[in-house]
Amino acid sequence: MKKLLVVALLIAFAATAAFAADVVTFEAKNGNVTFQHKAHGEKLGCDACHEGTPAKIAIDKKTAHKMCKSCHKAKGVSTSCKTCHKK
Numbered sequence: 000m001k002k003l004l005v006v007a008l009l010i011a012f013a014a015t016a017a018f019a020a021d022v023v024t025f026e027a028k029n030g031n032v033t034f035q036h037k038a039h040g041e042k043l044g045c046d047a048c049h050e051g052t053p054a055k056i057a058i059d060k061k062t063a064h065k066m067c068k069s070c071h072k073a074k075g076v077s078t079s080c081k082t083c084h085k086k
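Under numbering that gives the first Met the number 0, residues 0 to 86 are what the sequence shown spells out, in order.
In case anyone wonders, no lab produced these hints; they're calculated from the structure. All of these numbers come straight from a predicted model, not from anything done at the bench. Backbone N, C-alpha and C fix where the C-beta goes; we use that ideal spot for every residue, glycine too. Among the hints, a few may not be true.
[Unchecked claim] No farther apart than 25 Å at their CA atoms in a straight line, the calculated lysine-lysine pairs in the DSS-like style are these:
| no. | residue 1 | residue 2 |
| --- | --- | --- |
| 1 | K85 | K61 |
| 2 | K37 | K85 |
| 3 | K72 | K28 |
| 4 | K68 | K86 |
| 5 | K37 | K81 |
| 6 | K86 | K60 |
| 7 | K72 | K86 |
| 8 | K42 | K72 |
| 9 | K60 | K37 |
| 10 | K61 | K42 |
| 11 | K68 | K81 |
[Unchecked claim] Here are the in silico distance ranges between beta carbons for each label pair:
| no. | residue 1 | residue 2 | range |
| --- | --- | --- | --- |
| 12 | T62 | V22 | 12 to 22 Å |
| 13 | K86 | T52 | 36 to 46 Å |
| 14 | K81 | T52 | 32 to 42 Å |
Modelling step: build the complete structure from the supplied sequences, incorporating the hints.
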């Protein structure tokens, strides 16, 4: 029974990754943010941003700035507004 549960969870996880959007665009006053979801997921893993099941995340300005900027700092990526916001 445990093996069946593990297999089912692995299939669900793989299906979630397969159907995740490649690119997500967030509208913002100072320039839209085009987030390369697939590239970030492949490089960092889903758990870097998503927690729990289902692995959804609500992004607003405060959350994005806290989560994204802290990760950019930790990885040595620019935290300039222009890095993400494009007019």
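Quick rundown of the hints versus the structure:
no. : hint                   : in the structure
1   : K85 to K61             : holds, 18 Å
2   : K37 to K85             : holds, 19 Å
3   : K72 to K28             : holds, 23 Å
4   : K68 to K86             : holds, 19 Å
5   : K37 to K81             : holds, 21 Å
6   : K86 to K60             : holds, 17 Å
7   : K72 to K86             : holds, 23 Å
8   : K42 to K72             : holds, 16 Å
9   : K60 to K37             : holds, 21 Å
10  : K61 to K42             : holds, 24 Å
11  : K68 to K81             : holds, 12 Å
12  : T62 to V22: 12 to 22 Å : holds, 19 Å
13  : K86 to T52: 36 to 46 Å : holds, 37 Å
14  : K81 to T52: 32 to 42 Å : holds, 36 Å
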